[in-house]
Every structure is written in C-alpha cells, then in structure tokens.
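There are 2 protein chains.
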Amino acid sequence: MNSIITVSREFGSGGRELGKRLADELGFAYYDREIVTALAEQTGMDEHYLERQLESGGVVSYPVHFAQTFSQISAVPDGAVQLLSLQTKLLRELAAKGDCVIVGRAADTVLEEYAPFRLFVCAEQEAKIRRCRQRASEGEELSDREILRQMKRIDRSRAEYHDIISSRLWGDKSAYHLCVNTTDIEIKAIVPGIAAYYRLWRKAQENAG
Amino acid sequence: MNSIITVSREFGSGGRELGKRLADELGFAYYDREIVTALAEQTGMDEHYLERQLESGGVVSYPVHFAQTFSQISAVPDGAVQLLSLQTKLLRELAAKGDCVIVGRAADTVLEEYAPFRLFVCAEQEAKIRRCRQRASEGEELSDREILRQMKRIDRSRAEYHDIISSRLWGDKSAYHLCVNTTDIEIKAIVPGIAAYYRLWRKAQENAG
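Chains as they are written, first to last, in the numbering used here: chain A, 1 to 209; chain B, 1 to 209.
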C-alpha cells in the first residue's frame, strides 16, 4: 500500500512550504493546489471560487435554539457536497497512484484506509502574523488585527469541515502523529529531521503490522 | 551555554522512557527521580512524600466567590514554596553542569534562560490506559475507570503547577517545539528520529542567534 503523509496546518504556520519540502526530501509526490486545478478542469468552474469553496468544505454554521440553550450547528449544503465528493474521489485516485504528501483537504480522514502519517504544523501567534506579512503581495497592507481576523476565520473553517467528517478533532495534538512548531525557525533547516522521524515511524509501523 | 531538553508528558504516554532513551542517544545527562533523591538527602524528608509534593508543586485549589460567580483559585502553600525553591536551585545547578534531558518539574519554565528544546509527549487515551496496565505492579488490579481517574488527577496537578509559574499553557501544542504521539508505537524505534530533529533544530537556532 502506498505511503501517504497528510499535513494539517494553522494559517500562517508555513505548513504548505513544509509539506512541499518534505515531499522533495522523501521523493514523494506533492498535492495541494493541483487538486483544485484538476477539479476546475473537471467541472469547468472558476479555480478561485473552487479554492474558497473547498477550503472550508462549503460549511455553513447557523444558530439553533434547543432546551433553553443556543448553540451552533455546522452543515454542508447540497451543492458543496457534490464538490466534496468529487474531491474525495480525486484524493483516492492520487493516493492510489503512489507515495505522496497532501496538504489540507481533511485528507487525514478521507484517506484513513491508507493509515497516513498525520502531521500538524503550528506556530505562536506573533510568528504566524510575521509570516503572513512576509508573504503578502506587494502593496497589500494589512493591520495585525486584520491578519488575525483572517487567520481565525480560515482556521475555524478548516476545523469545522474536518470535524464534520472526522472522529478526531482538528488541531488536537493527540489526533496527529507529530506536531511541529515553526516559530522562529527556518523550515528548510528542520525538514530533514521530520523526514528522519517519519522514516523510523513508518518502519516501526511495518514491523508491528 | 549548555543544551537542555525538557520533556513534558501526559501520564501514561511513556514520556519518562522516551526522555531516558533520548538522553542516551544524544549522550546527555538525564534527570528525573535523581532530583527527588538529592532533595530528600538535602532535607532529610521521605522520598515518597517529596515525590508526591513535587509532582503537583504542592498546589492546592479552592473555590472562591466573587461578583456573583464561583471559580477555582490555585495556589502554592508556604511549606511547598520552600521545597519548590530548593528544586529550582537544584535544577539550575544541574543545567549549569552540562547538556541534559529533564523530565517534568516545569523545567521548561524554570530553565527558560537556557532556551531549552521543549518536547511534549502525548498519546490517545486507550493507549495510555494500556501502558499504565503494562507497567502496573504484579497483583495491582486497577479498572480502566480507576486508571483514567488517576491519569486525569495527575495531569491536572502537572498543569496547575506549570501554569502558575509559566506564561505558556501546559499541553498547549504551540508551547512546545515538538509534540510526539506514542500511540501504538515502540518508543525505542522513534527516539533516533526525535534526536535527528533536535540536532537540526539546535543547529538552526545557533545559526539564527
């Protein structure tokens, strides 16, 4: 069975760069935007629209009133379900093709049958804000408060979508095999260490199984 | 400055074994019970009593009533403060002696000036219960519920003591450089991977500083 590494990450933690470099280090395929591009081709839909829809899984939240308490209910509307179903099919096709690293898209749950190595990438808030500022387009001036609001919104979307389809909680450290903190660290420098850990973990899994 | 690795861990996650093996792998000194033994010698107090006092930092929690709400306040009573102060002095002496791995004792905060590598060891609940059962003394028959209660009590004590003296939250993944999940894995098999990650992290820190 092919070896799959799934990368879940907080917005601004550099998880995408880490995933790409890890794939290069291990000689694995890497899938992230490629998935959106392929879906855009299949559906004829706009790539940016799709990206936004899939990032959050199209999840909508609404308040409900039950037994004297208010709470939030999250659900995926019909249109989004079809998109997610296409994405799931595509993820399975990619996993069947060969060893790969997949960033986001709740791949840790969708590809559960492959027993993927589940990696989580996080960082302290200040470090994430700095990283967002560094990668902002030229002329794009956002305040710390605006970046923070965007960060929270995107992480909340990721968590909501993930937790609808998974029995594990997004971001709960016990739900991942390894959580890496990228605060004040050059990602390039630590990737070979993650690869070394992964190789030993995989070998131990094979010996146990 | 000497290199320090601090290991924080959930009860039953195998953090102590992991810390010992990591120290052996890196050729570092290892401190855990040695600290209690040294304090027992200094104070003439019983080692088991000291162990229990220091595990929780002697923290006591009591309810307070303020502005129509009840909440819990945690504090360290005077007698325990003296013990903790002796422990802090000892931790600093050990850190000054040479490179080392220290398990627990809020060493991540006490030795902040050394910029230690902060490692957290966790596992899924079922795996921790299994590990506790394996290491129980012969004839010691505990139900899952009893183990779970003990586990929660000890982890709560660790968190309370840690969070009184630290600005970081015990168990919050962003407060550690690396969180390792030992669920269904042989600790011996993955330790060289953690050592590899640590060496690269340390090198990156030195290059940055």
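To be clear, the hints were calculated from the coordinates, so they are not data collected in a lab.
Some clues are possibly wrong.
If several chains are the same, the list does not tell them apart, and a pair holds so long as it fits within one copy or across any two.
With a straight-line Cα cutoff of 20 Å, these simulated EDC-like cross-link-like pairs (lysine to aspartate or glutamate) come out [stated by the list, open to error]: (1) Lys203 / Glu25; (2) Lys152 / Asp24; (3) Lys188 / Glu146; (4) Lys20 / Glu34; (5) Lys188 / Glu160; (6) Lys152 / Glu113; (7) Lys203 / Glu138; (8) Lys152 / Asp172; (9) Lys97 / Glu186; (10) Lys97 / Glu146; (11) Lys152 / Glu206; (12) Lys203 / Glu186; (13) Lys97 / Glu138; (14) Lys97 / Asp163.
Nothing here was measured: the structure is a model prediction, and the numbers come from that model.
Comparing the hints with the structure gives:
Taking identical chains as interchangeable, the C-alpha atoms of Lys203 and Glu25 lie at most 20 Å apart whether they share a chain (17 Å) or sit on different chains (19 Å). For the identical chains of this complex, Lys152 and Asp24 are neighbours neither inside a copy (30 Å) nor across copies (41 Å), given an alpha-carbon limit of 20 Å. When the C-alpha separation of Lys188 and Glu146 is checked against a cutoff of 20 Å, the pair qualifies neither within a copy, at 28 Å, nor between copies, at 45 Å. In this homomeric assembly, Lys20 and Glu34 come within 20 Å of each other (Cα to Cα) only inside a single copy, at 12 Å, whereas the closest approach across copies is 43 Å.
For the identical chains of this complex, Lys188 and Glu160 are neighbours neither inside a copy (30 Å) nor across copies (36 Å), given an alpha-carbon limit of 20 Å. For the homomeric pair Lys152 and Glu113, neither the shortest alpha-carbon distance inside one copy (31 Å) nor that between copies (32 Å) is at most 20 Å. For a Cα distance limit of 20 Å, the shortest separation of Lys203 from Glu138 qualifies neither inside one copy, at 45 Å, nor across copies, at 32 Å. Taking the shortest alpha-carbon separations for Lys152 and Asp172, both the intra-copy value of 16 Å and the inter-copy value of 17 Å come in at or below 20 Å.
Taking CA atoms no more than 20 Å apart as the test, Lys97 paired with Glu186 passes in neither setting, with 31 Å inside one copy and 30 Å between copies. In this assembly of identical chains, Lys97 and Glu146 lie within 20 Å of each other by CA distance neither inside one copy nor across copies; the values are 40 Å within and 47 Å between. With identical chains, the CA atoms of Lys152 and Glu206 are never at most 20 Å apart, being 38 Å at best within one copy and 32 Å at best between copies. Taking the shortest alpha-carbon separations for Lys203 and Glu186, only the inter-copy value of 11 Å comes in at or below 20 Å, while the best intra-copy value is 27 Å.
Taking identical chains as interchangeable, the C-alpha atoms of Lys97 and Glu138 are never at most 20 Å apart, the minima being 38 Å within one chain and 50 Å between chains. For the homomeric pair Lys97 and Asp163, neither the shortest alpha-carbon distance inside one copy (27 Å) nor that between copies (47 Å) is at most 20 Å.
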